[in-house]
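Construct the entire structure; sequences and hints are all you get.
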Amino acid sequence: MRSGLITAVTRRRLATMAAAAAILTAPTVAFAQGAPPLTAVEKIYAELAALPKPERARRIEQGARQEGKLVLVHTLRGPLGAGHVELFHRRYPFLALDVAGEVGSQDAAERLLAEETAGRHLTDAIVTAVMDLDELIRRNQVARYPTPAVEAILPRYRAFIDPQNRWIPWFWSEHGISYNTRLVPPEQAPRGWNDLCNPFFRGGVSFDPAENRFLSGLNAMLGEAGTLRLLKCIGANDPIVQRGHTQRMELMLAGDHMVQGDNYLYHGVAMQRKNPAAPYAIVYSAPILATNDVAAINRNAPNPYAAALFADWTLSAESQAYLAAQLRGPVTLPHPFLPDSVELIDNIDPPPEVMDRLLAGWYRYVEKQK
Amino acid sequence: MKDRLGWREAALALLIAVLTYQVVVPFVVIIWTSLKQARPGEPDFLTLSFTLANYARAYGNAAFWHTSWNTLSFALAATLIAFVIGAFMAWVLARTNTPLAGLIGFMLIGRIVIPGILIAISWILVASPNIGLVNQMALKLLGLRNPVNVYSFWGMVWVQALELVPLVYLLLAAAFQAMDPRLEEASSMTGAGNWRTLRRISFPLALPAVAAALLLLFLTTIETFEVPLLMGTRAGVRVYTTEIFYDTSRTPIDWGLSSTYAMALLAVALVLLLAYFRLIGHGERYQTITGKDFRPRRIDLRSWRYLTCAVALLLVFLITGVPFLMMLYASLLPFYQAPSAAAFASMTFDNYWTLFHNTKTIAPMINSTILGPATATAVILLVALISYFVQKTRMRGRRLLDILGFAPIAIPSVVLGATFFWFYLIVPLPILGTLLIIGLAYLTKYMPVALRFVSASMMQIHGELDEAAQVAGVSWARNFCKITLPLLKPGLLAAWFWVMVHAYRELTIALMLARSQNRTAAVVIFDLWEEGSFLLLGAFAVLMFVVLIALSAAAHSISRRFGVREQLA
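Protein chains in written order, with numbering that gives the first Met the number 0: chain A, 0 to 369; chain B, 0 to 568.
Keep in mind that the hints were calculated from the coordinates and are not lab data.
Hints may be right or wrong, so weigh each one.
[As the list claims (entries may be wrong)] Partial pick of chain A residues on the chain B-facing surface, computed with a CB cut under 10 Å:
| hint | residue |
| --- | --- |
| 1 | Gly77 |
| 2 | Asp97 |
| 3 | Gln105 |
| 4 | Pro162 |
| 5 | Asp194 |
| 6 | Pro208 |
| 7 | Gln241 |
| 8 | Lys273 |
Every residue gets a Cβ at the ideal spot worked out from N, C-alpha and C, and that includes glycine.
The following block contains the structure:
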């Protein structure tokens, strides 16, 4: 027992040290890898990285006060995103916030990409899934922002941290299997991903149309060949393909179909809290695909200090507690409803050619497109 | 004479300038983008090297042709069904003595204010397998399992057709009301019955409106998005708009490819438009409004009028009643459940209180309340001018004005929104994030439908009125404002209403151009939909329905005050 505890503590220390080292050496690493020269924004961030924490925090807040504005694309939707932004604004009322909050993760990345391609430096930061940053990273549009705020991230989620500091992971989304307990008797309840091929569920398992994040998660779990095999047998089981995660969840709970082959799990939990009779169960025995959601700063951000202030604040206690209260996955606190025993699969973006093959498999087997 | 020419030329110059800016520029951007592999804004984008690579990619695979087949068959089926129902309603309500015609017409038009996405959701709740109201009743009462399935090709066609009926009604009712009854009386006097008169006189006289309706229905269905997305995806029926949607849902978006798809839509629209011009080639044949006064005559159906009333009531119940009642029902529930005694017992106003306490929903409502009427007024003025120059002058190249005014119907909203976004990113006019950029995009988007409404009415006005004004020495501007526009009132009012409501509830463009200060009501709807708050969405839709009905009633009252006596219904 003692030995285990020591090991855990040592691991945590090592991880903290590694993160600190990564933070301090980031600018050097960036240059060593032949990255383009730092922009004015990145130079500010490199200077900040060299300061002691209290001084750094003071400089950021002072700079943000002078800027007085933050332009943000936030992809937590509706009241969830509005509540988060309101919390931030309450903490830093001197900032005028210009927040676009009705776009998806890919749209957020696309908007920044469009603006920067056109030479307009309008947006300071975006919130997006890390895999949607690919193109922005390839075009070197994301600022390297080393921050000690990431030290608060729990060891379980440290793999979300970017050694090159191009994003700040601050929450994660869970994709997993769930089912309607009224339509699925306990003895038939799915236990793992291969159970989606069970003929008992024929015509009763739903998915969204092709999603890179789902396929990349399966690929991380099963490998390319395993994923294609799974897609083939899912396709043979006559799946339902319908757009809209929350819509599908509502339909399943109303009795439209039996199983969510892939969906965010929190919405069903939220519905069950509202209506305890909602016939909802999560398959905890199947690994859950974890997508890293991050804040990324524009390397030409017009308000770099305000962007840094927001990025750091996302990992603050109040921001993370808010996420947990809203049933989303915080990274500095335990998950609000998933047990620790559940197996998480980090959603790692595969090489483009692999993703192309996975998508082709999806269209061929699951959507049965000609 | 000099004065008349001066005003006319000034109006024409202004018209050409506006059309160039609002239509030619977006088309140049789209055509240019379709011939480029670089993204807008990249250095290569503005060079003069072009490629057909996007065309080869878009049209060179079997999936494109399969999608084309789906799109065209879906559009054709929905068009025919919508036309039959809409024409029946227009004739029965506008030209016969069917009881309750005013009420039924009002309810039918009221349907337009319900956003398409909510119509689709409502029908999912009505005719979905397992949980749909109809299927549940069929199981309980008849022991039949899932006799109807909204997630099918014909399910899509049915919902889309019902969605389009009010458009047919507005177009044809305006044309029927503007019809000179003496022609029908002459037919009756020669011994022709009601049916023969309808077939030989009334419908042929309404041919411009009929052709416009068919054209608009077909193109609107090709461009429609909500039904194919919500039902077609599950039914495995992919159409152009869902392909474009999925193609533009990945980062980086392939703008070249989506512009190339828009070019296919443009080709279809141009072919149909040319066919339309050919069909109505001699506009003077349809002129029924002359210098002589008349009032449209209502045909006496005798006892058949009760049957037409019953059928019209049933149809209006399906078209307006079902979606509205489903929304009202959902808005009062704490969580969604099929109708039952327990469900009714659990009803609450909580969703409405939640909306009222959310200040984030008020500003978008105000924005839409500004955008809807402002867009509609600007569009109507513009299309009235286009229509005048096309129909009432012998000016060379006048058809080009019509084509320019109508061509934007070929641009899917997602592409149009992106074009405006890109254009104002590259051209640094400070309108990004304002209501103005959305309004300008709407001006382009809604011009085609409004143009067909107004053109069909303009075609019915005889040239002798214009000539009489000229002889009397009335200036062109005075003639246009005091004679032409008032005579167009039924068509103008119908078009204004149509544009106002659609601009109020438009989603795709508003979403692409939304920033923090210019969110619209539809963006809130989408937000509620995306976060799965269907019940809140129901409450929001009921409120929106009330606001739009109030706006429409206000507009109607204002127009009556300024002399419009015609009723929409």
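Holds or violated: the hint that A/Gln105 contacts chain B, with Cβ atoms closer than 10 Å.
5 Å, holds
Closer than 10 Å between Cβ atoms is the bar; does A/Gln241 clear it against chain B? Give me holds or violated.
The hint holds - A/Gln241 has a Cβ within 10 Å of chain B, the shortest such distance being about 4 Å.
Taking 10 Å as the limit, does the beta-carbon of A/Lys273 come near enough to a beta-carbon in chain B?
At about 6 Å, which falls below the 10 Å cut-off, the nearest Cβ of chain B leaves the hint on A/Lys273 intact, so it holds.
Per-residue hint verdict: A/Pro162, partner chain B, C-beta under 10 Å
23 Å, violated
Would you settle whether the hint for A/Pro208 is holds or violated, based on the nearest Cβ-Cβ distance to chain B being less than 10 Å?
Where the cut-off is 10 Å and the nearest Cβ of chain B is about 6 Å from A/Pro208, the hint holds.
Minimum beta-carbon distance criterion (10 Å), A/Gly77 to chain B
4 Å, holds
Checking hints one by one. Is A/Asp194 an interface residue toward chain B, by the C-beta closer than 10 Å rule?
21 Å, violated
Next item in the hint list is A/Asp97. Is there a CB on chain B closer than 10 Å to its CB?
Holds, because the Cβ-Cβ distance from A/Asp97 to chain B comes to roughly 5 Å (cut-off 10 Å).
Checked against the numbered hints listed earlier, the structure breaks hints 4, 5; every other hint is satisfied.
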